[in-house]
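J.: Below are the chains, spelled out letter by letter.
8 protein chains.
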Amino acid sequence: MDAREILLQVQKGQVSVEEAEQYFRRQPFEEMGFAKLDTHRKIRSGFAEVIFCSGKSDAHLLDIFGRLYESDGEVFGTRATPSQYEIIREKYPQTQYDSLSRIIKIEKPDKKRIGKIAVCTAGTADIPVAEEAAQTAEYFGSYVERIYDVGVCGIHRLLSRIETIQTANCIVAVAGMEGALASVMAGLVDKPIIGVPTSVGYGASMNGLSALLTMINSCANGISVVNIDNGYGAGYVSTQINRLVAGK
Amino acid sequence: MDAREILLQVQKGQVSVEEAEQYFRRQPFEEMGFAKLDTHRKIRSGFAEVIFCSGKSDAHLLDIFGRLYESDGEVFGTRATPSQYEIIREKYPQTQYDSLSRIIKIEKPDKKRIGKIAVCTAGTADIPVAEEAAQTAEYFGSYVERIYDVGVCGIHRLLSRIETIQTANCIVAVAGMEGALASVMAGLVDKPIIGVPTSVGYGASMNGLSALLTMINSCANGISVVNIDNGYGAGYVSTQINRLVAGK
Amino acid sequence: MDAREILLQVQKGQVSVEEAEQYFRRQPFEEMGFAKLDTHRKIRSGFAEVIFCSGKSDAHLLDIFGRLYESDGEVFGTRATPSQYEIIREKYPQTQYDSLSRIIKIEKPDKKRIGKIAVCTAGTADIPVAEEAAQTAEYFGSYVERIYDVGVCGIHRLLSRIETIQTANCIVAVAGMEGALASVMAGLVDKPIIGVPTSVGYGASMNGLSALLTMINSCANGISVVNIDNGYGAGYVSTQINRLVAGK
Amino acid sequence: MDAREILLQVQKGQVSVEEAEQYFRRQPFEEMGFAKLDTHRKIRSGFAEVIFCSGKSDAHLLDIFGRLYESDGEVFGTRATPSQYEIIREKYPQTQYDSLSRIIKIEKPDKKRIGKIAVCTAGTADIPVAEEAAQTAEYFGSYVERIYDVGVCGIHRLLSRIETIQTANCIVAVAGMEGALASVMAGLVDKPIIGVPTSVGYGASMNGLSALLTMINSCANGISVVNIDNGYGAGYVSTQINRLVAGK
Amino acid sequence: MDAREILLQVQKGQVSVEEAEQYFRRQPFEEMGFAKLDTHRKIRSGFAEVIFCSGKSDAHLLDIFGRLYESDGEVFGTRATPSQYEIIREKYPQTQYDSLSRIIKIEKPDKKRIGKIAVCTAGTADIPVAEEAAQTAEYFGSYVERIYDVGVCGIHRLLSRIETIQTANCIVAVAGMEGALASVMAGLVDKPIIGVPTSVGYGASMNGLSALLTMINSCANGISVVNIDNGYGAGYVSTQINRLVAGK
Amino acid sequence: MDAREILLQVQKGQVSVEEAEQYFRRQPFEEMGFAKLDTHRKIRSGFAEVIFCSGKSDAHLLDIFGRLYESDGEVFGTRATPSQYEIIREKYPQTQYDSLSRIIKIEKPDKKRIGKIAVCTAGTADIPVAEEAAQTAEYFGSYVERIYDVGVCGIHRLLSRIETIQTANCIVAVAGMEGALASVMAGLVDKPIIGVPTSVGYGASMNGLSALLTMINSCANGISVVNIDNGYGAGYVSTQINRLVAGK
Amino acid sequence: MDAREILLQVQKGQVSVEEAEQYFRRQPFEEMGFAKLDTHRKIRSGFAEVIFCSGKSDAHLLDIFGRLYESDGEVFGTRATPSQYEIIREKYPQTQYDSLSRIIKIEKPDKKRIGKIAVCTAGTADIPVAEEAAQTAEYFGSYVERIYDVGVCGIHRLLSRIETIQTANCIVAVAGMEGALASVMAGLVDKPIIGVPTSVGYGASMNGLSALLTMINSCANGISVVNIDNGYGAGYVSTQINRLVAGK
Amino acid sequence: MDAREILLQVQKGQVSVEEAEQYFRRQPFEEMGFAKLDTHRKIRSGFAEVIFCSGKSDAHLLDIFGRLYESDGEVFGTRATPSQYEIIREKYPQTQYDSLSRIIKIEKPDKKRIGKIAVCTAGTADIPVAEEAAQTAEYFGSYVERIYDVGVCGIHRLLSRIETIQTANCIVAVAGMEGALASVMAGLVDKPIIGVPTSVGYGASMNGLSALLTMINSCANGISVVNIDNGYGAGYVSTQINRLVAGK
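Protein chains in written order, with the working numbering: chain A, 1 to 248; chain B, 249 to 496; chain C, 497 to 744; chain D, 745 to 992; chain E, 993 to 1240; chain F, 1241 to 1488; chain G, 1489 to 1736; chain H, 1737 to 1984.
Rather than coming from a laboratory, the hints here were simulated on the basis of the structure.
There may be inaccurate statements among the hints.
Stated by the list, open to error - Have a look at the derived ranges for each label pair, beta carbon to beta carbon: (1) K852(D) to S331(B): 39 to 45 Å; (2) P330(B) to H60(A): 55 to 61 Å; (3) T415(B) to R642(C): 33 to 39 Å.
To be verified - Some chain D residues near chain A, calculated using beta-carbon distances under 10 Å: (4) F791; (5) S962; (6) G977.
Backbone N, C-alpha and C define an ideal beta-carbon position, used for all residues, glycine too.
Let the hints inform the model, and build the full structure from the sequences given.
T.: Here it is, written out as structure tokens:
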């Protein structure tokens, strides 16, 4: 029995005001269509649920993967291992797996990609994280330009690509070690930059904390930061911004 | 117009089902008596709102103090400075201030204090934090035994008071420096211990982080921990537990 | 020769006052029945000794397991590996092992479970720690409700279960990553909340330190915290509180 | 002599190809209008230069303030002290100073404010940082809604304002202590959230590091984070996003 | 009634064995002369109680100072401020105060000093901590040689004094900044070295943590370490060792 | 079409001034010979590009290795694994691999080595990092003296080699654990010292952070520091300095 | 008498070559027989060189092991792996290996053990580190009492053994997790305590840092601390102290 | 030839006392005139002793200042306060004080400045540290170019000055906040860069630790780093390098 029915019965005198008040007092969320609203929000926004595969048991993963696929006709998972892919592929042979980004997915064909997001990396070792960002954004319908290996210790590499970067709606800056890429780019563009520190480095890089601190402390305007190696998060936020511009 | 009125009007046919549904869908909380429920919870549980005075402007503090006093007939603030006391006393001369615990209050007379909480400190420098805990618990209606300066580097001091401690419903262990008091006590009693690390110490005590880590890593059973110097939090939790035992 | 015998001999004149005084002065603990008292405390409180299996050698573990089983007729171990289970099962085939919580045990049948503890998790990855808490509490005789996957980034999930949570005597809030679950729940219930940060997360989660800091710094009242991944500790403390209410 | 003149003289044969090549090789930036382009970018983007007043000498500050005012007809400074205001007001009596946000400015009248940014705080102590964000966004031409004191330990406060928040183009979430506000909001809205950890708190909050870690580790989608207490940065980024939507 | 009396009454039949057993079971510590034993230990070991003056209220300090002076005929306090000295001197004009070490004391004349402790510093800025160590050791009856400003960046300074250092029973190595003094000395002597890191330094010295880590990680044999700036602790431990050798 | 051609065409009237201006405005870097300049700088400075092998895929590594070898007639890679060596050797049998320093290379014969760099270690466990420094410097044309196992806990070992060290143009000091070597050497020589902390150690050495802090906080003059285990970086910087002296 | 005079007297035959050699031998270093002096110091002090086996190559280890054995007739190594033992045993079948402490040795028979060192642990998991300490001390000629599993969460276990501990010349306190053992013992004994934090624990124990901080911040007198898991260091220092007392 | 042989030959008259004395004098330390040698090194290298004024007592400072002035005819102190200047000026009216760099000095006139060091800053707030570096280098005889406010968030500022920077013998890069300046410059020059992190910043800059980590983790070649705010250290090292090139 949902909220509407309760109200209809109140109207008809089949349920007393006291009973109805009790009902609404106790279950202010679920029964009132809150969950539906929530489902509705997902459909409307185009951000279907995504699977964080890391650490999930095979049975659990297979179950979620199947459920989402059946619900949406497509499904997207991050941080999948090759062996997780093997297990899923057995049941869903159409599944695609990219060993670089560790993304596993079944995607609807001919998806339209709007706007423009520039995903940049400082070095080649940052590319797996960048691909997680880029492919996430693409799955959610963004057009992505990849500009890799333009780190600040060879500034001319970045400058030679600056026009492409400047015309994006949002820039994702992926960098490990000292993580200075975001700062330099922020002085050259006027669009929001999402900084993604990576765990690339050694010694005092402390698995990405150094790059995170660099980005958070940037003297440049227009930078906000997500977690270390969180390519998915950057792909998500940049798509939110890209959609705001490009329609949706 | 609150939830009951809406329902009455639905019953009377003065409001359509659609309108009522819209109403409940949009404001699931406030209008449905959620706020009242919340107020109700406070009255029922006896935990009136408390003022964290630190950093509040004089005007702001005076306003909140007055509003709570008028609402409840009593009022309780933590971390008040002497000059904040001066300002409040001018308008509310019956206000009491304890410069050790930095608690400011107007309290109803003849409050009944139930159950028993043991508030213990390792050293004398921990007493201000312990007093914040003890006086908070007393304000909320708990009976408190103070057992101060029973730190582990003179274990006989603690052992000589152990019977008093063992008969409490809940123990608050306040300690800075290496903060070992909670561990030792947990081996001697069978009631929950709330550890309160303090910022007492110097050098590698890092303003209480060392004591916090000691308590969090305790090998003993029955310890849970609140923030550094958070006497108020310990007084609150220990009263929750004490009430569960001593009636309510 | 124990304390009683000494005193009897003093009474009979077989031991001088000086000798007896020497005796009590030297061994104030062991001989005076302290150890017995301690054993007595365990029996009385119902908290039998528990084995922390991690890192124990096979021989050592088997020995302790057997000794406790013979003494109490039941035995309970945490953080056991599957291979440890194999070794124990060979000798004690009635042993039960739960690979999720890593708990190994022989439990007396038809144990009565009193009161109510709500064990909640933010995500599904926190469930192993939550199960350690829940099964510990159950072993010690508490009735446990499991409310899993109610993290704050989908607040309606938590709100839809809030009544169940509100009626528990004590709540265990298990959360990794940013660990905000405890704070949100503390605003919705009036019972003590035991926060258990987990090592779930990556990057700047620093193996659970981030979640620990979140819980320790909570602005909400009524939260105290145990070590990262310490489900056992939370199960113990929550049982202490639950027993205080539910009789014992 | 700028790039155009050089080229004109090459065309006229007054400068040899070798000389021109040398010129462009040596000064690829300044002379080629790079600085002008940069100035142009500022005018076009509407983000005039802002003064970070903290630590600047009086003479230095007065000089920059005057220069920017003369150049743009308005000027905006952050983290100004009351005594810095006194010095500036003497020369520019039309200067406005807000002691809460510590913003000092001369602003053109009747500035149009477009779109909508929601600036939210967990507690009242976070308001100074929130005001820095809000007033920065307003100075740069954004319409701002302030939703203060909606921290997660009283979730109904946040839920009662959720519709206002959901309709903003971008949300700024300002929170100290455990900083859980951003996570909870991210589950309720589908717009980008800029998290601003604040140094509000004590003990293990470590001057805002705890809140920073909470926000960076959020399990929710759509959050990116700026530095502790960096209201200005959040105002800037949120305006970038708001402009992308609301026109430009 | 103390333990002896109980036993005498047991002997005389005035107290039953059951009553006596109860007595010893309940108060195993205090009544059995444990506290006396403890006092005895102090007198025997020559380590009278010392006052940590920092943070003590004037009244409290004066009270403890007086009580210890009356009990022992001498008294010793560390970390005293000049104003604390003023207050004590008014009542006890014979009090001595050393503004460098911040030690306040009344000491019995003609105290014999035995053995030999070498107290060394890396720089002149470490001298206040070294003096706290040296004067503590002297108060407790050790003979002390001061070897100051022999830091490792001018190794010849240390080598020129090495014979004096080698003949001590124990060496105290006081050093801030990088704190390498202890390591170098440990390769040159065969006596125990007590390392005292100091908070001297700036930047990445993090108030002495760097020096602490240096000493704790020393590759040299024979070093153990006390807290940052803990001259008193080093004076105490080195005296324990010196006494073991020099008689006592 | 490069910059020169554009200018020639401007001169000839084949390209308008506006078109040329547009050209230089858009590509201020690449087309203007910046990249060439950059290549030129490498050739001139003698620092050819070096491969950081760690984490590179086999295909990627083989490709870069081949490309650099073909371009320069020699090639140098750091942090190569034995299996990476196997793969490269198959195609380039003349490749040399040193399993200690993990350096892989094809080097031109009879390379002249100028000047003098002293590479010193505290212990034998630091030698792999030292070899990375030494062989890097040698590859870039520096003459290197190796002075290993001269740690400060046996100062005579260092002193016995001091003359060799004093006559170098630059000293590389490689040390883990407490990392005091650089400080002691800086007091004995008047040439720049490059400190290389290593991850050698355990416990509170925190994988080299302790040694890094020691070197950064050194009270001695003339020390600058590179990342933990960064032998390559030290070999590079010391060669820069050595070349400045020894000609080039 | 300075160097010149000595030489003049040698020239005149007033001082023999042997006496002069002795003179220069005392003044440090190389040419003067420092290495010999150093050897002499080792022989005199009884602290022969010890091998830290961890990370040594098989060839290197075998070489050092053999050289030391030939020089001293016995040899002692710490942190040896079983496979290192296999390699050594092949050549030196009389070698002994203890898999708990990971000590490998050939020891002269009938070694006299003097004095008394008490090696105590908080839990059973700390025993490997304690055994490294105990066996090191025994190898160097100390008599050792082992008092294991006397952690502070069951204080009666410690108290029941206190007399044994009190009569030692030096106490080694080995503890992980919260590491409170040293503090409690320091209040019960008057001999120096060497604290050894261990990496036993999980979560916020941060591999022993928590225990290290606890011991360093102890409010008790008479504690100094060595590195995490550094049983060898504690065995060395405690033997230095024990020898000072027990003769040698 | 060893010590004994020398002595034998002295005895036999085959080696003169002067020759033997010379022999022992070369081998280091006290008796052999080491202090003189050390003084000689200072005179030869031109690095006279410098006073670190911070924390020195007035009397102590005045004494050292006078002693060095008398010895060398000039004197140089860092981190002097205005009140320290007042005290010194009274006695030495010719003393100069720069309130920006906090350097106090009496300098010989017409000092020749050789070579070229480029001292660069990211922002204006870094200038005090840069001036400490620049004036130190100038005092020690280096020619210095100041290139201030060329931070990476406006990369054209840096590029417009690059030729000046490229022609220096050594570059000092001074930067706070995210500290990315050194990395960008290292890609543009082929001379050694000394990175100086500054404490400029707020929030997660942690008083310069973030900038320190950025510089230490730089992916660029040719950077080594000194302590936070250590302008003096950078001035010293850069002068060492500059001298190696420019003669001296």
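J.: If a hint holds in the structure, say so; if it does not, say that too.
T.: Hints and how they fare:
Look at K852(D) against S331(B): about 41 Å separates their beta carbons, and that is inside 39 to 45 Å. The hinted window of 55 to 61 Å between P330(B) and H60(A) holds, with their beta carbons roughly 59 Å apart. T415(B) and R642(C) have their C-beta atoms about 34 Å apart, which keeps the hinted 33 to 39 Å range intact. Given the 10 Å rule on beta carbons, the hint for F791(D) holds: about 7 Å separates it from the nearest Cβ of chain A.
At a threshold of 10 Å, the smallest CB-CB gap from S962(D) to chain A is about 8 Å, leaving the interface hint in force. For G977(D), the interface hint holds, since its Cβ comes within 10 Å of a Cβ in chain A; the closest pair sits about 7 Å apart.
Going down the numbered hints, you'll see the structure goes against none, and every one checks out.
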